[in-house]
Amino acid sequence: MRSTTARLLIKRIFSSIIILFLIITFLFFLVRISPGDPVQKFVNPTLSPKLAEQVRESLNLDKPIHMQYIGFLTSAISGDLGVSYNFRRDVSSVILEYLPFTLLFTSVSFIFQMIVSFWLSIKSVKKINGLFDRALSNITLLIYATPVFVTGVFLVFIFSELLNIFPSSGLSSYDSADFSFWARLTDYIYHLILPIITLSLIEIAIFYKYLRDNLEDVYNKLFVLNLRASGV
Numbered sequence: 001m002r003s004t005t006a007r008l009l010i011k012r013i014f015s016s017i018i019i020l021f022l023i024i025t026f027l028f029f030l031v032r033i034s035p036g037d038p039v040q041k042f043v044n045p046t047l048s049p050k051l052a053e054q055v056r057e058s059l060n061l062d063k064p065i066h067m068q069y070i071g072f073l074t075s076a077i078s079g080d081l082g083v084s085y086n087f088r089r090d091v092s093s094v095i096l097e098y099l100p101f102t103l104l105f106t107s108v109s110f111i112f113q114m115i116v117s118f119w120l121s122i123k124s125v126k127k128i129n130g131l132f133d134r135a136l137s138n139i140t141l142l143i144y145a146t147p148v149f150v151t152g153v154f155l156v157f158i159f160s161e162l163l164n165i166f167p168s169s170g171l172s173s174y175d176s177a178d179f180s181f182w183a184r185l186t187d188y189i190y191h192l193i194l195p196i197i198t199l200s201l202i203e204i205a206i207f208y209k210y211l212r213d214n215l216e217d218v219y220n221k222l223f224v225l226n227l228r229a230s231g232v
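Quick note on numbering: this note's numbering labels position 162 of the sequence shown as 162, and the sequence is numbered without any gaps.
These are calculated hints, taken from the structure and not from any lab test. There is no bait here: all hints are sound.
Ranges between beta-carbon positions, derived for each pair:
no., residue 1, residue 2, range
1, Val148, Pro49, 42 to 48 Å
2, Arg134, His66, 56 to 62 Å
3, Pro49, Ile115, 57 to 63 Å
4, Ser16, Ser169, 31 to 37 Å
In the BS3-like style, the derived pairs of lysine-lysine whose C-alpha atoms are separated by at most 30 Å in a straight line are:
no., residue 1, residue 2
5, Lys221, Lys123
6, Lys221, Lys126
7, Lys221, Lys127
8, Lys221, Lys209
9, Lys127, Lys209
10, Lys209, Lys123
11, Lys209, Lys126
12, Lys209, Lys11
For glycine and all other residues, C-beta sits at the position ideal for the given N, C-alpha and C.
Given only the sequences and the hints, what does the whole structure look like? Please build it.
What follows is the structure, given as structure tokens:
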């Protein structure tokens, strides 16, 4: 049993590495063959072509694409992810800057998704095919079919523009530096509510459907029916 699990785990890790490699390769060539010159993000078009060429050399854009790819893989393996065209600094520093917020954001969203979807699935199974169950099934199907960027725009329009309940952007208020610790923490949470709801809706729909179907299957098992008949 342990050897089977170990083989399955190794196989899954190996396949994940291959998929990650293919995705990185695809994105690399997609960026390189896209129209436009990344150098124009760094150099004013009115400056001399010599300066533009120096920037191009610093980014290895003067080399053939296969040499750029080999250099990219070599640098990535050594931990050098290159320079961000948008932020104009090392990619590693950009990742480290936003990683804590990303981990906090996704962790809170995941916990919220689990709690809400589990509660909704239990409530639906208690009265299968009832009004609440049918309505929730239709609502979750609609949420699942709606792209998350459409849901996000809709929620911002309703809760930020019309109702003015939540901010439409930003992690904190502009004057949050003057707040006390607890006031600053409350301000962060306040700004996270709408993004967490937006990110969680589609996952709640997926988890709810999965949990509801499994709970319904268990709910109709013979031993459960016997327990219910016994008044348990």
